[in-house]
Structure formats: C-alpha cells, structure tokens
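Peer 1: Using the working numbering, the first residue of the sequence shown is number 249, and each one after it goes up by one.
Hints may be right or wrong, so weigh each one.
To be verified - So the derived label-pair ranges between C-beta atoms look like this: (1) Lys285 to Leu375: 27 to 37 Å; (2) Glu389 to Val503: 25 to 35 Å; (3) Gly349 to Leu392: 16 to 26 Å; (4) Pro386 to Asp521: 42 to 52 Å.
Please keep in mind that the hints were generated in silico from the structure rather than gathered at the bench.
From the three backbone atoms N, C-alpha and C, an ideal C-beta is built for every residue, glycine too.
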Amino acid sequence: MKYPEFRALEDRSGGSKADDLLTASITAFCSVARPAKSDAQQLEDLAVPLLPLTSPRVRRHAAAVLSELPHAPHRLIMALAEDDVDISAPILLRSPVLKTGDLIDIIRRKGLGHARAIARRTTSDPLLLDALHSFDDPALERTLAFQVSTDVETAAAPESERLRETRQALRELMLSTDIGQSDDQALADRLIDAALLDQTTQFQEEFARALDLSMESTVRIIGHGLNAELTIAFASLGLSAEASHLILTGLFGLVHKDLHSLRLFIQSYRQIDQEKARATVARWKIQENSAALRQKLREMAKDVENTARKVS
C-alpha cells in the first residue's frame, strides 16, 4: 500500500470527505495481510490529523476495526484510546498495541471512565493494577474481582485463533457496502454506546422506549444471544447491519466467529423489509396490550367476586 494509493482516496465523493477518507484508509490498511512499517507510518500520518474532522460514528468503527490488530500504528491507537470512552472502549479493552505505560498514561489523563474500561482487560501487571485500585471505585473493583476469577479460563483459551477470526469479521464489515448511517443514527449511537460499555439496564430501557414495548417484552426479545426477534426489532428501528453487528458484539461478544457467518448475517439482515418488521413489532405491542387487558379483567373479576362474598 503506497502513498499514491492513499492520495487517490482523497478523490472519493459522497458524504463527509474526512469520514470517507478515514474509512477508506483503514480499509486499505486492513486489507494488507502483512503490512510493512512504512504502511503503518503512512496510515498514521494520514489518519491522525483526520480524527478531529471525522464523525463519532466513523471513529467508533475505526476503533472497533483496529482494536485487534497487533501491527496498528501506535500513535493512531493512542489517539483513538483517548477519545470519548464510548468510542475508545474497543481499543481500551482489547488492543495489543497498548502497553502498561500507555494504559497508565491514559488513566491519568482521562480518568475514571477510561479506567473502568481498561479494568475489563485481563492483566496481572502490578503497576497497572495499582493505578486502577487508586480510584477506589466500587464498580471498577467489581470488574477487577471478576477478572481475577476468570484469569485461568482466559489463559487457556486459543487466543490467536479468536483474534484472527475477529479481524476477518471486522474487516469484512468495514469493506461492506452497508457502511453508513442508520435511519435514526442518534438512536443507533445510544444503543451501541450502552451495549459496548456493558450498560445492560440502560440498553434495555433505551431499546424498550424505541420499540414502545414493556421492559418485560424487551428483555424477552433480547434473550441470551442472536435470534430472529432481535434482528427484526433492529430492522424495525432502521438500524444498519453495521450498527446491529456492533450492538450484538457489545451484548453477547463475538457472535459471528468466522467470515462466512458474518456474510450470512449481513445478507439476511439486508433482506428484512423494514415495513414488515415494523408491522411485526406492532403485533407484539397488540399482543402485549391484550395480555395486559386480560390480566386487568381477571383482577376486576376477582375484585367483584371478593366484594360479593363480603356482602353475602
């Protein structure tokens, strides 16, 4: 990937020029199987000055794509890591480029929000643990305690294969023609943020409001993994395949563990008719209202029966 190829990307048209250029540059870099140091340097020189000009959506996607790459440019990773935590979370959680000194510097500069994300990394480094413990934050301490309890299991996992599959899946998503805004991008951003930051209750509440369903129905739809009702609900809200994939990843981890399964998801998701999806959600609402009405009638009948018994 030579410098003229990067320059040629500047001629892309449509949408924000900075957004298009950053997305295309990272895509080009990810498509190189074994990038040279010069490739990483060229990407860094081009991408870092672009970051302040690009939208949060594109920076968030860049962070997700680069978060697993061991050869990603250090200065670009650091710039993304110090972005708002809803954007930087994938980098803070997973990037192998960030070493202990980098993470401690980020904690000192950015504070508790970034520290909570970093605490979800698996680490036994005493310096990093001391920096995290210094906040004396209950939520952060719970995360660290959970990490300690799963250290043995994590160490035994075939990490290299998982990293390879994740990189392939995210690269395919980056290359997909679906990249772009959801119908309601503000809603998509809120749902993605809550899912990626592991804010389960906030995600459920936001999702329930968007669908106009009860919390009980919403929790049932979310379930414990990818399912047909959940994808229909995403489609009814006009979420793009990109947004849906990021939400699923935040909720359930890597749900598409190879390139083929991700392709199938994107293809099947695009085939969902939004109007039919909305009609399905509307039927869920009718069923929910009918169940509530039946319950109310049962309660009223019971009250009448109790009143009659008291009178007699």
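Peer 1: Hint numbers the structure violates, sorted upward?
Peer 2: Going through the list in order, the structure violates no hint and respects every one.
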